[in-house]
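**Q** Chain by chain, the residues run as shown.
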Amino acid sequence: QVQLQESGPGLVKPSQNLSLICTVSGGSIDKSGYYWSWIRQLPGKGLEWIGYSHNTGSTYYNPSLKSRVTISVDTSKNQFSLKLTSVTAADTAQYFCASYKWIRGPYFDNWGQGTLVAVSS
Amino acid sequence: DIQMTQSPSSLSASVGDRVTITCRASQDIRNDLGWYQLKPGKAPKRLIYSASNLQSGVPSRFSGSGSGTEFTLTISSLQPDDFATYYCLQHNLYPRFTFGGGTKVEIK
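Read top to bottom, the protein sequences are chains A and B.
Per the working numbering: the first sequence = residues 1 to 121.
Per the working numbering: the second sequence = residues 1 to 108.
Among the hints, erroneous ones may be present.
Claimed, not checked - List of simulated lysine to aspartate or glutamate pairs, DMTMM-like, C-alpha gap at most 20 Å:
id, chain 1, residue 1, chain 2, residue 2
1, B, K104, A, D74
2, A, K31, A, D91
3, A, K101, A, D74
4, B, K45, B, D1
5, B, K42, A, E6
6, B, K45, B, D81
7, B, K39, A, D109
8, B, K45, A, E48
9, B, K39, A, E48
10, B, K104, B, D17
11, B, K104, B, D82
12, A, K66, B, D82
If you're looking for bench data, these hints aren't it; they were derived computationally from the structure.
Given the structure is predicted, the values throughout are model-derived calculations rather than measurements.
Generate the whole structure from the sequences, applying the supplied hints.
**A** Here's what the structure looks like:
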């Protein structure tokens, strides 16, 4: 059973960079056809799609965050990561990592528990 | 950007109740919409794909309808295992997904 687990700092200062890691256990991150993605939930709001890294090497980022986001996969560590630069209080959110395949639409089959990140001085 | 407005944000219901959740899209998304059930610590479960198709293995008490801008998820007879948070997810402009705001279904 594949499981995803987010890790990273719970508190980041404004203007600094946020880095989160998602560790994949119970299976290989090098699986064909999978999209390794990040999603966040702003306080009191719904889910916001951040983007993905596909095992072909392609990436896609939400245009609203594109200039500040990098998602990368480290197959040697069976992890993928999120880097968000120059954070502000508006980036305070619960961050989730998730994986999906394209099967008649996005088929999410794994989702981490989420990690809460606060941006504050 | 396509906005998805989901309602209600939460509801209290009893076992056996019929429950309806709605998502409205800010523009025509054809039938490019799925419904997901999320529970803490568990893998997400896609209930419905392409607006009205029941995912294999999902109980028939779940159904989806709609196209264009208005979509509905119905649970015909709520069961104890159904208490969870439900999200709609549109993929009309894939890979630019948009989620609905979520509906938390709680026990009355």
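**Q** Just to be careful, I want the Cα atoms of A:K66 and B:D82 compared with a cutoff of 20 Å; is the pair within it?
**A** 36 Å, violated
**Q** Is the Cα-Cα distance between B:K104 and B:D17 20 Å or less?
**A** With a Cα-Cα distance of about 15 Å, the restraint between B:K104 and B:D17 holds, given a limit of 20 Å.
**Q** Would the pair B:K104 and B:D82 pass a check requiring their Cα atoms to be no farther apart than 20 Å?
**A** Given pair B:K104, B:D82 holds - Cα atoms ~10 Å apart, limit 20 Å.
**Q** Hinted pair, alpha-carbon criterion (20 Å max): B:K39, A:E48. Please report holds or violated.
**A** Status holds; Cα separation ~18 Å.
**Q** Does A:E6 lie within 20 Å of B:K42 when you go C-alpha to C-alpha?
**A** Status holds; Cα separation ~14 Å.
**Q** Take a quick look at whether B:K45 and B:D1 sit within 20 Å of each other, Cα to Cα.
**A** Violated, at roughly 25 Å.
**Q** Between A:K31 and A:D91, is the straight-line Cα distance small enough, at 20 Å or below?
**A** Measuring from Cα to Cα gives roughly 31 Å; hence the hint is violated.
**Q** Given the hinted pair B:K39 and A:D109, is their alpha-carbon gap at most 20 Å?
**A** Answer holds: B:K39 to A:D109 is near 13 Å, not above 20 Å.
**Q** Within 20 Å, alpha carbon to alpha carbon, are B:K45 and A:E48?
**A** This hinted pair holds, its Cα atoms lying about 18 Å apart.
**Q** Given the proposed pairing of A:K101 with A:D74, does the C-alpha separation stay at or below 20 Å?
**A** Distance of about 19 Å is within 20 Å: holds.
**Q** Does the structure keep B:K45 and B:D81 at a Cα separation of 20 Å or less?
**A** Within the cut-off at roughly 12 Å; holds.
**Q** Has the given pair, B:K104 with A:D74, been kept, meaning a C-alpha gap of at most 20 Å?
**A** 35 Å, violated
Violated hints, in rising order: 1, 2, 4, 12; the structure is consistent with all others.
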